[in-house]
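Full structure from sequences and hints, please.
The listed protein sequences derive, respectively, from chains V and U.
Heads up, the first sequence is in the working numbering, so the first residue is 290 and it goes up one at a time.
Heads up, the second sequence is in the working numbering, so the first residue is 290 and it goes up one at a time.
Hints are computed from structural coordinates only; laboratory data are not their basis.
Note that the coordinates shown come from a computational prediction; the quantities given were computed from them, not determined experimentally.
Just to be clear, a hint being listed does not mean it is correct.
No copy is singled out in the list; a pair is fine if it fits within one copy or between any two copies.
Unchecked claim - Subject to a maximum C-alpha distance of 30 Å in a straight line, what follows is the list of computed DSS-like cross-link-like pairs (lysine-lysine):
1. Lys455 - Lys717
2. Lys419 - Lys657
3. Lys657 - Lys695
4. Lys303 - Lys479
5. Lys710 - Lys306
6. Lys710 - Lys657
7. Lys657 - Lys688
8. Lys695 - Lys303
9. Lys306 - Lys364
10. Lys445 - Lys516
11. Lys703 - Lys530
12. Lys293 - Lys710
13. Lys445 - Lys647
14. Lys455 - Lys552
15. Lys459 - Lys445
16. Lys657 - Lys717
There are 2 protein chains.
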Amino acid sequence: MLLKNCAFIVTQDKNRKILRDFDILIEDGKIRKIAKNLDGGEKSCEKLDCRGKILLPSFVNAHTHLPMGLLRGYKDDLDLHSWLSEVWKAEAKMNDNEYYLGAKFACLEMIKSGTSAYLDMYFGNGHILKSTVESGIRGYSGLALMDFEDAEKRKKALNEARSLAKMASKDKSGLFKPVLSPHSIYTCSKELLLEAKKLAKEYNYLYTIHLSETRKEVYDCHKKYGKRPVEFLDDLGIIDKHFVGFHSAWLTKGEISILGKRKASAIYCPVSNMKLATGGAFAYREMLESGVTIGLGTDGACSNNSLNMLSEMKTACLMQKWLRWNACEMLAQNALDMATINGAKILGLNSGSIEVGKNADIVFFDKKHYSMLPGTDIVSNIAYSASREAISELMVGGKFVMHDRKVLTLDEDKVKEEFEKDSNDLLKEGEKKHG
Amino acid sequence: MLLKNCAFIVTQDKNRKILRDFDILIEDGKIRKIAKNLDGGEKSCEKLDCRGKILLPSFVNAHTHLPMGLLRGYKDDLDLHSWLSEVWKAEAKMNDNEYYLGAKFACLEMIKSGTSAYLDMYFGNGHILKSTVESGIRGYSGLALMDFEDAEKRKKALNEARSLAKMASKDKSGLFKPVLSPHSIYTCSKELLLEAKKLAKEYNYLYTIHLSETRKEVYDCHKKYGKRPVEFLDDLGIIDKHFVGFHSAWLTKGEISILGKRKASAIYCPVSNMKLATGGAFAYREMLESGVTIGLGTDGACSNNSLNMLSEMKTACLMQKWLRWNACEMLAQNALDMATINGAKILGLNSGSIEVGKNADIVFFDKKHYSMLPGTDIVSNIAYSASREAISELMVGGKFVMHDRKVLTLDEDKVKEEFEKDSNDLLKEGEKKHG
Numbered sequence: 290m291l292l293k294n295c296a297f298i299v300t301q302d303k304n305r306k307i308l309r310d311f312d313i314l315i316e317d318g319k320i321r322k323i324a325k326n327l328d329g330g331e332k333s334c335e336k337l338d339c340r341g342k343i344l345l346p347s348f349v350n351a352h353t354h355l356p357m358g359l360l361r362g363y364k365d366d367l368d369l370h371s372w373l374s375e376v377w378k379a380e381a382k383m384n385d386n387e388y389y390l391g392a393k394f395a396c397l398e399m400i401k402s403g404t405s406a407y408l409d410m411y412f413g414n415g416h417i418l419k420s421t422v423e424s425g426i427r428g429y430s431g432l433a434l435m436d437f438e439d440a441e442k443r444k445k446a447l448n449e450a451r452s453l454a455k456m457a458s459k460d461k462s463g464l465f466k467p468v469l470s471p472h473s474i475y476t477c478s479k480e481l482l483l484e485a486k487k488l489a490k491e492y493n494y495l496y497t498i499h500l501s502e503t504r505k506e507v508y509d510c511h512k513k514y515g516k517r518p519v520e521f522l523d524d525l526g527i528i529d530k531h532f533v534g535f536h537s538a539w540l541t542k543g544e545i546s547i548l549g550k551r552k553a554s555a556i557y558c559p560v561s562n563m564k565l566a567t568g569g570a571f572a573y574r575e576m577l578e579s580g581v582t583i584g585l586g587t588d589g590a591c592s593n594n595s596l597n598m599l600s601e602m603k604t605a606c607l608m609q610k611w612l613r614w615n616a617c618e619m620l621a622q623n624a625l626d627m628a629t630i631n632g633a634k635i636l637g638l639n640s641g642s643i644e645v646g647k648n649a650d651i652v653f654f655d656k657k658h659y660s661m662l663p664g665t666d667i668v669s670n671i672a673y674s675a676s677r678e679a680i681s682e683l684m685v686g687g688k689f690v691m692h693d694r695k696v697l698t699l700d701e702d703k704v705k706e707e708f709e710k711d712s713n714d715l716l717k718e719g720e721k722k723h724g
Numbered sequence: 290m291l292l293k294n295c296a297f298i299v300t301q302d303k304n305r306k307i308l309r310d311f312d313i314l315i316e317d318g319k320i321r322k323i324a325k326n327l328d329g330g331e332k333s334c335e336k337l338d339c340r341g342k343i344l345l346p347s348f349v350n351a352h353t354h355l356p357m358g359l360l361r362g363y364k365d366d367l368d369l370h371s372w373l374s375e376v377w378k379a380e381a382k383m384n385d386n387e388y389y390l391g392a393k394f395a396c397l398e399m400i401k402s403g404t405s406a407y408l409d410m411y412f413g414n415g416h417i418l419k420s421t422v423e424s425g426i427r428g429y430s431g432l433a434l435m436d437f438e439d440a441e442k443r444k445k446a447l448n449e450a451r452s453l454a455k456m457a458s459k460d461k462s463g464l465f466k467p468v469l470s471p472h473s474i475y476t477c478s479k480e481l482l483l484e485a486k487k488l489a490k491e492y493n494y495l496y497t498i499h500l501s502e503t504r505k506e507v508y509d510c511h512k513k514y515g516k517r518p519v520e521f522l523d524d525l526g527i528i529d530k531h532f533v534g535f536h537s538a539w540l541t542k543g544e545i546s547i548l549g550k551r552k553a554s555a556i557y558c559p560v561s562n563m564k565l566a567t568g569g570a571f572a573y574r575e576m577l578e579s580g581v582t583i584g585l586g587t588d589g590a591c592s593n594n595s596l597n598m599l600s601e602m603k604t605a606c607l608m609q610k611w612l613r614w615n616a617c618e619m620l621a622q623n624a625l626d627m628a629t630i631n632g633a634k635i636l637g638l639n640s641g642s643i644e645v646g647k648n649a650d651i652v653f654f655d656k657k658h659y660s661m662l663p664g665t666d667i668v669s670n671i672a673y674s675a676s677r678e679a680i681s682e683l684m685v686g687g688k689f690v691m692h693d694r695k696v697l698t699l700d701e702d703k704v705k706e707e708f709e710k711d712s713n714d715l716l717k718e719g720e721k722k723h724g
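Structural data, given as structure tokens:
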């Protein structure tokens, strides 16, 4: 396929170059050429006029709980620990169909907002796998491992994680990969944390965990183990370049320095942190200076309450600027980096920039959408003013999953209808404000 | 006109009632009846099926600088005072046509995002009036009065304010009303602040001013006058129920108490405050408890960078929750109140709720839009997850200005084209990153 005369290509290459009026040749899902006046070679080649389009590597949402969209609007405005105990009660009632439908709806929401890859932690990951492959986007999902110091629960969780690995190995789409996901220090025993690491090494999977999301978590960890969370995990040998800490909002400079030395990654979730009033703040500048790879994530649609990477980028910048009384603390370009190239790097995905040899994972913006005008600074427009409505196409591995805002891989009306019905069934009468 | 079978009506009445499957009868721009199974009476009556719609009083954006959209993306990521000096240079080059086109584009952006009324401060207000009336929405705009202690400038500014009053008195649309808008304490002499108050009383206009936006402003005021801004203005007799302070991010409890006693209003601008890294925070709880009427505003599209009241509501809640480590500090309902009923009250508009006798200023959401699902809590969906794309219709005074996302009052393509060209002309080559 040949993308002709792209008005702008925000490459996100090493120099963060922006190309004007270039063509892109795509073969076998990969970007083969980027130049002016390409003709597609000898083979007959589908051509698409991209004169009104701004092309950008599509977004990587580096922290999600996909099926939680079923609980969007349920138990809002509670602090994290109260909220969690309410949400766990509702989650306990979820079945396989709910994992499947919840994840499918989340994929729909992500496609509509330009996201082509996610890093997820939840239950029913086989059903999430199925939804993801049907949606045509890339998913990394791990079972939320928890044992609450119970050996039986631990065994069961680890077995399930092994089953997921087996199931995923049979998938031929190449879109899905499991990760090992202990839920947190406060829900996992030391044994589970270590066993999970063993498995992660065995399968060459990422190791992801909620890390220092609240002050209480840090306090409890220190009380139990005499160490702060990163110190504790590092002493267990868990922190390395495959380690990803979600939230990481209550870290000391010393802990950040450990993450940097180990070439680990941290995921900033500004909207969720603010909404759940977790108080702490992701120390962006210190993370950056220590060499931590920083991704951006929405968290679940129940604490966010959306999976919109556009508003996540904006809120990230707003929070950092305001936190440090410094309007340069995080720039639009920094936010875009987290949401694209960094996220891809963390997942080990050959995506995240528009360069020859990379996967053709591309989001298309309508240059003339009112939220993109007057077009003085395209990166600023994307991070600070763009509406999801300005996103016209999403391409994953060279295939369009959305074109002219129509999702091609899913029956949008059916997905929405089943999702809504299922959420209604899940929440008892009286738990919902409006049916 | 009869709106039949509205799926939900978020009335914003005194009890914040939400009605299900009700009809609304509209006559002469006003809501005449709200009930089930209305038939429109004896007269033939246009009927609209609203089965898939959620109706809400349309938004009031209580702090704007409409033509500044021309500078969207220009000089981002600077602190307020550095930013202001850059922006003033660009603004000095603006002409009448730019005021007109900039305001018209802003009206387009507001219509697309469900806003039917704004409170503005800028230059070229006659041209803003023209744009507003053509757009069919409601505008309150005042000349940004500044004299920098210069008597000649003062005289000129006050004369222009009088001319605007005269011009507006000839407008028959009923959509536009001027206000008196001294820019700030740091750009206006004491004489100008007082003369403006005299005029505001003479015309029965609101008196609006940027108030304690930055710490520097407070410091400078104290140095010059020996008082903090609210104390200073109150001693001049300026603060009363017609007084509106924009930003108000650096007020003491004592100052808030003065605003409350005088029944004055304050406008919260969370996105702009965070983006310009002004450090302070709007003390929402204290304002509420002191009886200050609290509106919500985006500020100009050059500091925000959009005029989107949906994301303004969300950011307001996020900021307050995080600021006070309290997930209940500002609820979705509080944000919706600021954005609708409070804004209308501040402007003295007979709008802001869907009740019999009120103006039919209504925004329609598509209940089945992905960002509104699963519909567990409609108010939460509007404040926390709704996309602008979910807004299907906007009605002002009983007339649709947008239907099925098509703007009826403006030629959208033409407005965008002229706006983009004009912004390109305004900013010299080299000042723009992308043309």
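Status of the hints after comparison with the structure:
no., hint, in the structure
1, Lys455 - Lys717, "neither (35 Å within a copy, 60 Å between copies)"
2, Lys419 - Lys657, "between (36 Å within a copy, 24 Å between copies)"
3, Lys657 - Lys695, "both (18 Å within a copy, 15 Å between copies)"
4, Lys303 - Lys479, "neither (40 Å within a copy, 54 Å between copies)"
5, Lys710 - Lys306, "between (46 Å within a copy, 24 Å between copies)"
6, Lys710 - Lys657, "between (37 Å within a copy, 12 Å between copies)"
7, Lys657 - Lys688, "both (24 Å within a copy, 27 Å between copies)"
8, Lys695 - Lys303, "neither (32 Å within a copy, 41 Å between copies)"
9, Lys306 - Lys364, "between (44 Å within a copy, 19 Å between copies)"
10, Lys445 - Lys516, "within (28 Å within a copy, 67 Å between copies)"
11, Lys703 - Lys530, "neither (41 Å within a copy, 52 Å between copies)"
12, Lys293 - Lys710, "between (43 Å within a copy, 24 Å between copies)"
13, Lys445 - Lys647, "neither (39 Å within a copy, 61 Å between copies)"
14, Lys455 - Lys552, "within (28 Å within a copy, 67 Å between copies)"
15, Lys459 - Lys445, "within (22 Å within a copy, 78 Å between copies)"
16, Lys657 - Lys717, "between (45 Å within a copy, 21 Å between copies)"
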